Amino acid sequence: MFKRSGLPVVVACFALFCGFPANAQEFPSKPIEIIVGFAPGGGTDMAARSIADVASKYLGQPVVVTNKPGATGIIGAQYVYNAKPDGYTLLVAGGSETVAVPHYKKLAFDPINDFDPLMRIMVERVGFYVLADSPWKSMNDLIAEGKKNPGKLTSGISGIGGLHHATVQVTEKKTGMAVTLIPYKGGAETLAALAGGHVNFAIASPNEAYALVQAGRVRCLALSALERSPTEPNAPTLKELGYDVYIDNQKGLVLPKGVPPAIKQKLADAFKKAYDDPQFKATAEKLKLEISYLNSEDFHKALKAMYEQIGESVKPDAPKAP
Amino acid sequence: METLNLLLQGFALALTPANLIAVFIGAFIGTVIGVLPGLGPTATIALLLPITIGMEMVTALIVMAGIYYGAMYGGSITSILVNIPGEAASVVTCIDGYKMARKGRAGPALGMSAIGSFIGGTVSVVAVMLISPFLAETALKFGAPEMFALLFFAFVCIGGLTGKSRVQGLLMACFGLLLGTVGTDEIQGVDRFIFGTLYLQDGVGLIPLAMGLFGLGEVLYNIEKRQSVGEVLSTPKGLMPTLKDWKDSAWPIIRGSFLGFGIGIIPGGMPAIASLMSYAVEKKVSKHPEEFGEGTIEGVAGPETANNAATAGGFVPLLTLGIPTNSVLALILASMMMHGVTPGPLMLIKWADVFWGVIASMYIGNIVCLILNLPLIGLFVRMLKVPYSILSPLIIMFILLGSYAVAGNVSDLVATLVFGLIGYLMKRFDIESAPLILAFVLGPMLENNLSKALLMSRTGDPLFFFSRPISATLISLAFVVLAFPLLQWAWRALVRPGVAAIKPR
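Protein chains in written order, with this note's numbering: chain R, 440 to 761; chain B, 19 to 523.
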């Protein structure tokens, strides 16, 4: 008697603990985790945190941001690559770790094809900044100087083997200028070096440079974007100036490969709603984050194009990992 | 006068009931997370960020600033009591703080570190208030060559930082330097000693290293000796610092305040570096350097003062230029921007109330931290009376929990265990760990800034360092310190015999 009635309970308990294959109807039945491969406080982190807060409203479960910093975002990416594709683990990707690092280092995974993009949330523009009283009034001045005296100009970049490093290398290739790279730890340190006059120009994102620009300390010469940025409306794009350089630091959500389509759809819908939510838009506006939606397919294409574009310029003389 | 007026307005704002509660909450949370290893102010503030958006701007800033410096107060507690650094900035406190606890002087160590923190914090806030804009400019002039010169100076000071055996101390410093080279080189992007692992690309982590070397090594050693806590930590003799402690700590606290503030305002200067530098300086200037590492109060008071002073100092570049010098300040910047406040020179014009409110709250926050910490000392010290058979597994649990919590990386656990073993062996053979830690932290920074400076010089000419006033001064000073023993020797060899010779018999 006891045995007979006990069995289903045991089975049910077993099922509960082991977890039957994720069911789209019940999804999500536990908190969803967004992995950020960088320390709290940066652009990637802020994008994740601002959307996570709103998305939990539409998913009915908490959406938690977990920072797994290290190796220019690769540690976080590797973690999600190895995660169970059940829709409960997402990665913020599209920047350095996806389109730049693979050109400098051998990775255990293919950052473009081993992930399933969900959507793009924002783009962080990449800008060329100089001191407000710098002798180079325009990007063309800077390029001319870089061509005339190769290697004389110093450029502050945030980290070696990242997107900003790649931006300088692509620009060098497309314009013919040659500069000396000085890598700093993170955007703030790079901008501090520029503000202190220790480098001739610096690569930074407009949201990071915002305070210094407002203070009249530094100015933006150009962006490597496709169109002008609302944060830096006076800065031309390199394309406008006639140079074929296009690099954006894209930030979006990606899933490990193999998430069931129904669950992916559910996530995509919820995060799209969160993206359209006025609360998210207001937060993004205040943080000077340029939100820019792309759906799964277009995001994948955009990442691939960026990856290839950087690869063309970086591959030949890239530092080789032993 | 106007400053005083504005400050009073700031106090009026900070003393409103809501903000007063915010100060208490911030300081309390900060102290708690400072005590808990692994859970640092960065993770805590990141978690609280969404909540702060719903708060008033000033209140939000007060809570976050409170957490930040509360953590510096709390971090020293576990360092002193059980040899686990709660924060990177408290690593150096383990060296002498724990030795003091073992001698039954945990009370004075905790008391002096709280008082030092209070003084360092307050001096720093006064400096932030009075000379912020001017200092921010000077701090920016501190580029790679200046940073290299400063570190070079620090290394020269540490040269004498070897306790019982000079050879052993230097060997340990070399081991520290070697560990510091692990990881991807930050200038060329070349991988060094990473053995094909992803984890080691960023080098060996300071927290796993310190927690293993100090905390775990100590526990393993004590278990081996089957000591009860009564033997490990003799009964506390008095909770409050004695008159002698006060006298011994006065100068380290004064030096620590200014050193910490100075390092805090430099881009890239973190509280952890301030405390290490302070330790090195105190040992150098001390009349009894051989007592460092054996539980001397100067080795606690100086660094603990310096890390708090650096915390407040970090607000200078943030508030006046909008440059956050570390990730905690980056989060505070994000929160300010969410409230529509852009830090920078405009801050004093457009959001003067916020600026002065925060300054005032930092005064109050430092007092609150002191009030929170002093009465608790008795309680903390009593914790050590727990039998070691119960305490040691708890300590091990905290160490492992903490080392995982820092980055959520299992590899950190492995690293902690490996360093625990090394720490145990070092204890077993009575080898000092201070030179190792100092070299490990400062070595890679020295190398990084040297490379950057030489890149900046474009020719790689070492004379470049003498073409810039700050670095020229610091490097010259370092050479003076280096040459000092030689001059001393020369003085004794040449002048003194002469004096003796003409002395009538």
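Some clues are possibly wrong.
[Unchecked claim] Here's a subset of chain B near chain R, in silico, CB distances under 7 Å, partners left out:
hint, residue
1, 204
2, 355
3, 473
To be clear, the hints were calculated from the coordinates, so they are not data collected in a lab. Keep in mind the model is a prediction, meaning the values are calculated, not measured. Using N, Cα and C, we set each Cβ at its ideal position, and we do this for glycine too.
The hints, checked one at a time:
no., hint, result
1, 204, "6 Å, holds"
2, 355, "5 Å, holds"
3, 473, "5 Å, holds"
Violated hints for the displayed structure: none, as all numbered hints are satisfied.
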